[in-house]
Amino acid sequence: MAEKLAIVCMSGPEDPERATIPFVLAAAALASDVEVTMGFQGNGVMLVKQGCAEHVFAAGFPALKELIDAYIEAGGKMYVCGPCVNSRKLDPQKDFIPGATVVNAATFVKLFTEATNVLNY
Amino acid sequence: MSVTPDQILDCSGLACPMPILKTKKAVDALQIGQVLKMIATDPGSSSDIAAWTQKTGHELVASEQEGDKFIFYIRRTK
Numbered sequence: 001m002a003e004k005l006a007i008v009c010m011s012g013p014e015d016p017e018r019a020t021i022p023f024v025l026a027a028a029a030l031a032s033d034v035e036v037t038m039g040f041q042g043n044g045v046m047l048v049k050q051g052c053a054e055h056v057f058a059a060g061f062p063a064l065k066e067l068i069d070a071y072i073e074a075g076g077k078m079y080v081c082g083p084c085v086n087s088r089k090l091d092p093q094k095d096f097i098p099g100a101t102v103v104n105a106a107t108f109v110k111l112f113t114e115a116t117n118v119l120n121y
Numbered sequence: 001m002s003v004t005p006d007q008i009l010d011c012s013g014l015a016c017p018m019p020i021l022k023t024k025k026a027v028d029a030l031q032i033g034q035v036l037k038m039i040a041t042d043p044g045s046s047s048d049i050a051a052w053t054q055k056t057g058h059e060l061v062a063s064e065q066e067g068d069k070f071i072f073y074i075r076r077t078k
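Sequences listed follow chains A and B, in order.
With our numbering, the residue at position 35 of the first sequence is 35, and numbering never jumps.
With our numbering, the residue at position 14 of the second sequence is 14, and numbering never jumps.
Everything labelled a hint here was simulated from the structure, so no lab data went into it.
Small disclaimer: the values here were computed from a predicted structure and weren't measured.
Glycine residues also receive a C-beta, built at the ideal position from the N, C-alpha and C atoms.
Hints are supplied without guarantee of correctness; some may be wrong.
Only pairs whose alpha carbons sit at most 27 Å apart, straight line, appear in this in silico DSSO-like list of lysine-lysine [claimed, not checked]: (1) B:22 <-> A:77; (2) A:77 <-> B:37; (3) A:65 <-> A:94; (4) B:69 <-> A:4.
A short list of chain B residues far from chain A (calculated; beta carbon distances all over 12 Å) [stated by the list, open to error]: (5) 7; (6) 12; (7) 21.
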């Protein structure tokens, strides 16, 4: 059975390195035949809000938008924390990039308990 | 180098993780047994390609350095 990696992003565009590095790892993991799901909680939800990643750049890394596009193209999955979306007055149906699914705690619990490894950023 | 590549991929100037992502795509496009020649300028590529071939099971047939270029020959095994 394939290895499964879950990666949690708690930081948004206010910290470009902390926003970018999880996507670097996620894309490299997919390229290494590891299944990957990224979870976005706290201000991390802003990374997958429509029109946000285009403005995030970390020195020494590809642009965040390029990494997200590569991640999605390679089959990466994305879960977005429902309460974190609600508290920011965002629309779970309309405000997120295609492929980003707004979920609640039990879905995260299932993800983390079934993952081979969980990385927290 | 005695290995004759079937395809060549130039990742010069690309930052991590793009060389690995492009290498993955290029190797997937080969027939089993064929060899990809990958060229990179990121010094981290040496450890990365070694780790990636170990992880995926593809074969790192040979590697060499020419000036600032790191060159890898990778055979698709499956």
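Going through the numbered hints above, which ones does this structure break? Give me the numbers in ascending order. 2, 4 and 7
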